[in-house]
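Participant: Going down the list, the protein sequences come from chains A and B. Throughout the first sequence, residue numbering follows the numbering used here, covering 35 to 451 in sequence. Throughout the second sequence, residue numbering follows the numbering used here, covering 35 to 451 in sequence.
A few of these clues could be false.
[Claimed, not checked] Okay, derived cross-link-like pairs now, DMTMM-like style, lysine to aspartate or glutamate, Cα gap no bigger than 25 Å in a straight line:
#1 A:54 to B:127
#2 A:54 to B:361
#3 B:54 to A:270
#4 B:43 to A:344
[Stated by the list, open to error] Counterexamples of contact, computed for chain B against chain A with all Cβ distances above 10 Å:
#5 106
#6 221
#7 305
#8 358
#9 440
[To be verified] Residues of chain B clear of chain A, computed beta-carbon distances all greater than 12 Å:
#10 110
#11 281
#12 316
#13 413
None of these hints come from the bench; they were simulated from the model. Note that CB positions come from ideal geometry on N, CA and C, so glycine has one too.
Number of protein chains: 2
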Amino acid sequence: MTLHKNLRKIGDHALAAARKMVRLSSAKKNAILLAMAETLHNRRELIKSANAIDLEQAAAANLSAAMIDRLTLKEQTLAGIARGLGEVAALPDPVGKVTGMWRRPNGLLVGRMRIPLGVIGIIYESRPNVTVDSVALCLKAGNTVLLRGGSEAINSNVALAEILQDACEQVGLPASCVEIMNITDREAVREMSRCDQFLSLIIPRGGHDLIRAVTENATVPTLKHDRGMTQIYVDETCDVDMAVKVVHNSKVQRPGVCNAVENLFIHSGNAEAARAILKDLKEAGVELRGCLRTCSLVEGISRANDEDFDTEYLDLVLSVKLVDSLEEAIAEIGLHSSGLTECILTDNQENADRFLREVDSAAVYHNVATRFTDGGQFGLGAEIGIATGRLHARGPVALEGLTTYKWLVRGTGQVRP
Amino acid sequence: MTLHKNLRKIGDHALAAARKMVRLSSAKKNAILLAMAETLHNRRELIKSANAIDLEQAAAANLSAAMIDRLTLKEQTLAGIARGLGEVAALPDPVGKVTGMWRRPNGLLVGRMRIPLGVIGIIYESRPNVTVDSVALCLKAGNTVLLRGGSEAINSNVALAEILQDACEQVGLPASCVEIMNITDREAVREMSRCDQFLSLIIPRGGHDLIRAVTENATVPTLKHDRGMTQIYVDETCDVDMAVKVVHNSKVQRPGVCNAVENLFIHSGNAEAARAILKDLKEAGVELRGCLRTCSLVEGISRANDEDFDTEYLDLVLSVKLVDSLEEAIAEIGLHSSGLTECILTDNQENADRFLREVDSAAVYHNVATRFTDGGQFGLGAEIGIATGRLHARGPVALEGLTTYKWLVRGTGQVRP
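Turn these sequences into a full structure, and let the hints guide you.
Facilitator: Here it is as structure tokens:
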């Protein structure tokens, strides 16, 4: 069977299962997730055997230690995955919520109801826990899933998916609620990205190359997570101690993630804050690359070049520039932004409001570390990812982002004149 | 200059203008629209001269009378366009609205604010009024616009766009709030559809071929309006007079539009309604194509073939089938649906609720003519179109559909532990 025919068949099954999912109560969906957690626990030896095959092949292929670490399913990793299923089961169900019902002059009642998206494609790389985490969130929101994991983890992923399928059948649902492709080449990714006849959305979870392979020729909408060029502006007046603490946390606490700060702009009139912040960062081992004025303000800072302000370091490195106004800061931020997270530190409420209004990014902050761009931190429960696009869902995406809406119209026989 | 370079330059201007638009108050945006209406009125002779050139070329090219009618800008058409600008100015502004601000245990305030999308591409065919209508809605929602109209109306479109640009400058905004391409071939459409570096959204307003040309290789998200296979199910019990009236209106009032009914399913236990509805439609000159049981129930109905139930007639023709249960009706509707509008006529509230919950279309109706799928009828004000996709916006799309949101986070120096 060709890839295309095989995909079509899998997709049709997932779509048929999605039509059943749309009818399920929250209780039933939670029962699936809890059955999955139980089955995972009962068959953990089987999963570990499958994982051992992947690990053997990884060792033979000389994969890096970091890669092998991400591949490994230890007892405690499995316990964490099962616990995650329970946590998603405990989240409120967005499906069926009716918002904004209003009455028209002719008596029609018009409103909107949250509904599942349908079949969601998840394309991911090495971590096998994504297999279960993604399925949990998609199913809770009433969708079915087509998984396509990386080749390094194929044995682990297939073993996990089969267990999830069995759990579906245990509670009387078709196994096709969870479909997995056993073809792991890039061609499969390209084909999936054009299956708009059955896929409502694709979520690529991985690096830039994977995202590009999905979006380049996609006809299916994608929820993608691109770069995070997070930026902070320190205004002319602010609580200096707070600013030191917030910038420190934004850069140092976990520098390798998309909500860690990469560019820092400081008002030239706030030399006190500039000196205190930069001194603190230097002591924390952060390499600073500054504009000419920054370098003359504080010693031991190397000169930044133009590219530095467009570089996502993901490391203990920070670009720093002095600016002369809020306007200049907003303009600079617009120039280098990846549209994800930007922050102002100020005690001037008017400037804060203007920054929040005018800076055009998925998440805009006032007086808080940038590290909070995260579904859990926002109070959304677990997240499926961070979206850097502008449509449908932006920033942290949780259950609501995995749904859409339909219009409800209730009448008493109204006709158009 | 190559098309690509030219497009890039236009796009950069439109994007720079969008960065200015995001700061405008509602009053200022309304002032633009009113200045546009006034300038259009003052320069109506200039518009009519440009339109005359298009009409001459249309006559020379032997375009159909219907096509020429759609091209023609009469005095009253222009007055209607200017009035439309005033109506959009009067609509509430969605931008800046903050929804669902909540407090996290650590004191963070997290909420969402409606913001403009950015630069919106409008690709349209012959009607020059689309030039103004689209600009009005996009600007009101705080966006700028890149227009690409059809070749038949190029002189009218350019004249209108220049007037809109002048009006922008009159109120102190850059002319680039409204950009228009003077290249009208299909290659330009394809290039535009890949300009995700500056376009946030493309709205193709035209036939299936145009939509296909846009979406086939698009990297820019599109808000497309595909087929409307509108369907009605008449349940086992219902108010027969109401059902006759609603089905009549749904088919006969304006058969050429996407919310006119194309398939009718009737419960086999409701022969009374079936006879009354079909008799009424026959008398109204509707050609009926029925299943075997329909044909034996009412005389003078031709047999429908399988394709008929997947045909968007856009004419006084209707496919009719008897079904034996609500489940069967929902399954049939799922099979033939284009996902736009479906309706149940019933006096059984439980069946109505189940239909509204389970039928997976952009608009689901109970006891009301399908002709109401329309932004104005829903109370949204003017609409930019009807979306048949599942993400971002579904069904009638008005101002809110031309915006997105960003997350606002206000703190007092919180850091991640």
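Participant: Decide, hint by hint, whether the structure agrees.
Facilitator: Results for each hint:
Between residue 54 of chain A and residue 127 of chain B the CA atoms are separated by roughly 39 Å; this puts the pair beyond 25 Å, and the hint is violated. Between the alpha carbons of residue 54 of chain A and residue 361 of chain B the distance comes to roughly 12 Å, so the proposed pair stays at or under 25 Å and holds. With a CA separation close to 23 Å, the supplied pair residue 54 of chain B and residue 270 of chain A stays within the 25 Å bound. This hinted pair checks out: residue 43 of chain B and residue 344 of chain A have alpha carbons roughly 22 Å apart, not beyond 25 Å.
Residue 106 of chain B, annotated as away from the interface, keeps every beta carbon of chain A farther than 10 Å; the closest lies near 26 Å. Listed as a non-interface residue, residue 221 of chain B keeps its Cβ farther than 10 Å from every Cβ of chain A; the least gap is roughly 18 Å. For residue 305 of chain B, the condition that its CB be more than 10 Å from all CB atoms of chain A holds, with the nearest at approximately 21 Å. Once the 10 Å rule is applied to beta carbons, residue 358 of chain B is consistent with being away from chain A; the minimum gap is 19 Å.
Not every beta carbon of chain A lies more than 10 Å from that of residue 440 of chain B, the smallest distance being close to 6 Å; the non-interface claim is violated. No beta-carbon of chain A is positioned within 12 Å of the beta-carbon of residue 110 of chain B; the least distance is around 22 Å. Remark: the non-interface label on residue 281 of chain B conflicts with the geometry, its nearest Cβ contact in chain A lying 10 Å away (cut-off 12 Å). With a cut of 12 Å on Cβ distances, residue 316 of chain B stays outside the contact zone with chain A, its closest approach being about 19 Å.
Its beta-carbon lying about 5 Å from the closest one in chain A, residue 413 of chain B breaks the requirement of being farther than 12 Å from that chain.
Checked against the numbered hints above, the structure breaks hints 1, 9, 11 and 13 and satisfies the rest.
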